[in-house]
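Participant: The chain contents come next:
Protein chains: 4
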Amino acid sequence: MIIVLKPKISRPQENAVLKEIKRLGYIPHIMRGVARTVIGAIGDERTHQSLETLTAWPQVETVMPVQKRYKLVSREAHPSNSVVHAGNVAIGGKKFQVMAGPCSVESEKQLMSTALAVQAAGATILRGGAFKPRTSPYEFQGLGEKGLKLLAKARRETGMPVITELLSEDHAEMVAEYADILQIGTRNAQNFQLLIAAAKTGKPVLLKRGMSMRIEEWMLAGEYVLSNENPNLLFCERGIRTFETYTRNTLDLSAIPIIKLESHCPVVVDPSQGAGRAELVSAMCKGAVAMGADALLVEVHPHPADAWSDGAQQVTPAAFARLMTELKPLITAVGRT
Amino acid sequence: MIIVLKPKISRPQENAVLKEIKRLGYIPHIMRGVARTVIGAIGDERTHQSLETLTAWPQVETVMPVQKRYKLVSREAHPSNSVVHAGNVAIGGKKFQVMAGPCSVESEKQLMSTALAVQAAGATILRGGAFKPRTSPYEFQGLGEKGLKLLAKARRETGMPVITELLSEDHAEMVAEYADILQIGTRNAQNFQLLIAAAKTGKPVLLKRGMSMRIEEWMLAGEYVLSNENPNLLFCERGIRTFETYTRNTLDLSAIPIIKLESHCPVVVDPSQGAGRAELVSAMCKGAVAMGADALLVEVHPHPADAWSDGAQQVTPAAFARLMTELKPLITAVGRT
Amino acid sequence: MIIVLKPKISRPQENAVLKEIKRLGYIPHIMRGVARTVIGAIGDERTHQSLETLTAWPQVETVMPVQKRYKLVSREAHPSNSVVHAGNVAIGGKKFQVMAGPCSVESEKQLMSTALAVQAAGATILRGGAFKPRTSPYEFQGLGEKGLKLLAKARRETGMPVITELLSEDHAEMVAEYADILQIGTRNAQNFQLLIAAAKTGKPVLLKRGMSMRIEEWMLAGEYVLSNENPNLLFCERGIRTFETYTRNTLDLSAIPIIKLESHCPVVVDPSQGAGRAELVSAMCKGAVAMGADALLVEVHPHPADAWSDGAQQVTPAAFARLMTELKPLITAVGRT
Amino acid sequence: MIIVLKPKISRPQENAVLKEIKRLGYIPHIMRGVARTVIGAIGDERTHQSLETLTAWPQVETVMPVQKRYKLVSREAHPSNSVVHAGNVAIGGKKFQVMAGPCSVESEKQLMSTALAVQAAGATILRGGAFKPRTSPYEFQGLGEKGLKLLAKARRETGMPVITELLSEDHAEMVAEYADILQIGTRNAQNFQLLIAAAKTGKPVLLKRGMSMRIEEWMLAGEYVLSNENPNLLFCERGIRTFETYTRNTLDLSAIPIIKLESHCPVVVDPSQGAGRAELVSAMCKGAVAMGADALLVEVHPHPADAWSDGAQQVTPAAFARLMTELKPLITAVGRT
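Protein chains in written order, with numbering that gives the first Met the number 0: chain V, 0 to 336; chain C, 0 to 336; chain B, 0 to 336; chain G, 0 to 336.
Among the hints, a few may not be true.
No copy is singled out in the list; a pair is fine if it fits within one copy or between any two copies.
List of simulated lysine-lysine pairs, BS3-like, C-alpha gap at most 25 Å [stated by the list, open to error]:
no. : residue 1 : residue 2
1   : 199       : 93
2   : 108       : 145
3   : 21        : 67
4   : 108       : 199
5   : 67        : 145
6   : 108       : 18
7   : 7         : 199
8   : 7         : 70
9   : 327       : 93
10  : 152       : 7
11  : 67        : 94
12  : 94        : 327
13  : 70        : 327
14  : 5         : 70
15  : 67        : 7
16  : 94        : 5
17  : 152       : 21
18  : 94        : 199
Since the hints were derived computationally from the structure, they do not count as laboratory data.
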């Protein structure tokens, strides 16, 4: 920790800060500069109490942490890339993976036709929502366990592992029974009780970035999974909230190289939510591949305009097949298969 | 709903849109403008399925909803101001209320000394966190039920009703047993399962605004409380996330008159989180009073630099007493007591 | 400057950093912490070249400045409040000032009727745009010099000093001839050539905050005025750009106490642009008064729906008179006249 | 234009709105819905005065434009891609172009060594700043005309056309004499006088996106160039301001497909400003290529840590050469040369 004192502080005021630093277990180290006195507080910031409370002291101008606050998700802790296994599929290895399927599971027919179509086009994991977090209580909230059963059936028939969203701590065991990957949605990205419940099932957890989550906060939310004995964490960028209104969210593709730099966990990109418009999905997928993502999560629906949720951002099976064809040269160009 | 077609659309493409609008239960109404054809879809947007899925159609440029999506929280539904009762305290009436206390309950001594001090200065409701959502899993997570028991004890001794945060659906009943108002924190503002669980306890629910929640989304989250048979909802502005880094969040005081315009529910302001710096808390409280807030929620700690969480933004009992004195002429100036 | 090295850096890599710090005129000071080595670089950050370029070095993790970069606008440089004089009006003193008038000058009749009405209601400075920066080239761009002449005439007839926007370096002298205060608009807040041209006229400069300007950047833009021999600077908060779409901008009233804390310059609040809706203007004005602003800048138009620009956010003379009456008790409550 | 009336409006109030719509030259068209009455105002929104002023009327809830406000930059106006020529280089055609060079021109040696190095690595246009907009008046402001002369010399010796920033209307002719492309920086993106001055030189104009500019505003700023008889406009995405602090700005790569969809003008990406960290530049360049950009603008400096401005985000000539090699397979994969 670095503590910057305000200008013209008396020696007793300075001593009070030094005493407090020692009381909290750090060794203070004074540097007298031209305009400010700066104190370095030496000690492990992750095991000692934070000194940020010193900001409340009238003689203190700022307190700046030196260490990063995340441990287990960091590359320092695990220098090589982690590979997460879901069913027979490995995410984070040389093979680029594509998760595809409808936003919401609506019926057996809708799910099965989509599953077969995306598999034929090259998808390796089936996505589909059974529990849907909806901004309004008057919108369709998902089929619930019935949807999970349909997903499990689609898995049996196609062999594809299944990813679906977990909304409630109370459902963790039930969802884990049917799904291969538990998805934590953007609105729950800092619902730490849900993260802990998901981690404890032992299943891989895909953690979507919160709408206004800084990279550091996202990594710390991931830390809730890894510190609960579950090493199978996937980060999923899906767009952040900005002032721009042309798209529903601003897909922050630079999160890919940043997470790769800071962490060992695989990175997935969900362009559907970022685009909010099916016609932009294709370009975003290409960018994600080029920038080093390990997998995509794409919403596909047999008849998007019919969809019970988020129809505007789902692509048709035909458009998805075209997308997969267009992605191939890029996947090769970045040295993946 | 208003559907704007792209320029130069063929008649069969247009007819397909009309057919879909009818299929979803609306009556279409065509207007041929100079550059675009616009279709009005007449029907109740809150009972019919949304037409926003039409955005996925190639012939459609935009779909614009006409109605507001919230019902029960809106002033249309309930033209006069709602008053919410917690213990013997009424929030939303002529009397301006102040909720104050420590960010986290740390010990009986810390809580009781703070409670007595804030009561002496004029606070009418005691706040204190027993379960704390922390960005990092390595930070202090609250005393849990032990903290709730201390709050209940403080209530007995001071007569002040108690507000505390609810973090987990599984704790709803337990927290409701000890507390008079359940607080839903900013990270859980769209944790709809938690909102439903809180609503079902019947206790008043204070809903903090999510970090990047638009007013409409906040109102819709509130709708989850009212539509679960609980009319006792308080909206609490606590700062939104912007590009500014001087303060931790940007307190959006304009939310006060907007909520007052759109809704009948009382508005509370929490300047502690918005300021992130105790020295700015006072000015923000004055602004909140002047702009029509019904209550304040202020973090007070006997020794802020010692606090186990968020020390930087807590004020001392002495500063709080000064603040209360400074607020008085403003409270009078806006015609409250 | 504080330089944090990455973990596990070799001694020669560390020495290279130390050598560079010395070469740039600072004295390095090493602190070896538990997880990182930190170097304090002692020297005046405002006269030496920045060390931030070290971030490009592979062995460096972060570089953190310790000093604030603004000098002349800071309270350290001038501890007491500055008072800026425009005509016979003093801004920043005990008397609260109100600048009011139409967004654009449209005609003599429109300007004169508004000027007389706002003066009767208590305004002391007349505002009106002669050159208008418009998002689209197809919108009304202002009456130009003809508008300036009308403003000068209104000043003669009412005795009120006049504030108007300066858009182009080439107009600086002409606008300064007619106006008492030069307004720099939000889109030009970092048009440094314009700031220099405005400063050189010697007239007071009102600097609106840029749409996404951090406090520090705003202060530094103000520094362009003061460092060009013009001490008459007014900061004007008018709303920042955020994700919220209910209002056109988010009025950041917390900027008032922050500027007061950091700087000696007066603070003006323009709620018209922040609200984008006349019905919210009143509450925002009250908040501004309560939080310590020195003046308001309010758009008033005899027939807002007729206005040639920004009609939605202008209030009628009658609404303005009501507003002035409502503000009085608040102005008294904060100890001003 | 679509005008939504508030619920329960009287017939005379409705008639007043209809009258005003007619007065402004539109033909009103009424639709009575379930909860609201909606009026379509038929007429060309780009030649008639806007109806948005109606928002100020008490009986009006919202006013929604139907048409896009930009004309000449839109794909509707010019369906095929525009190609912009600078010297012997065509931007927007099949060949992918790379503009590279130092942030600031510092000396002949620095510029020439960088120019030769980037040319050898495959760059086709030389960038370099002679006038620098700096957040603080105490930072290096560029070499001015001396820098322009060095750029002209580098052009003679390498044959590469030159791009440099224009800061002041007063310099437009001088800069146009030396440069092949005039760059308008992010802080001046809505400095309309500067855009007009740049357009009038007839030279191609590269318009960087403002820090918080919506796509529509950016297109409208471009409209200032095209409507001043200059068809040679390049849009340049360089990162927008968000809440994220890991990078200096958030590079919004989705702007590429959006601009391609809405406009015929070429799109350039400047990853240096978006990344703020040289180590992320490479990934961002790859994303830009994959998503359909026509050119890159990359800051290269022989010794980044020595640079007089923005050292942290400049790459070395060696890193640039590596980058160019890495980009090749991606450029081929998207069908360009």
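Participant: Against the structure, test the hints numbered earlier, and report the numbers of the ones violated in rising order.
Facilitator: Hints 1, 4, 5, 7, 10, 11, 13, 16, 17 and 18 contradicted; others consistent.
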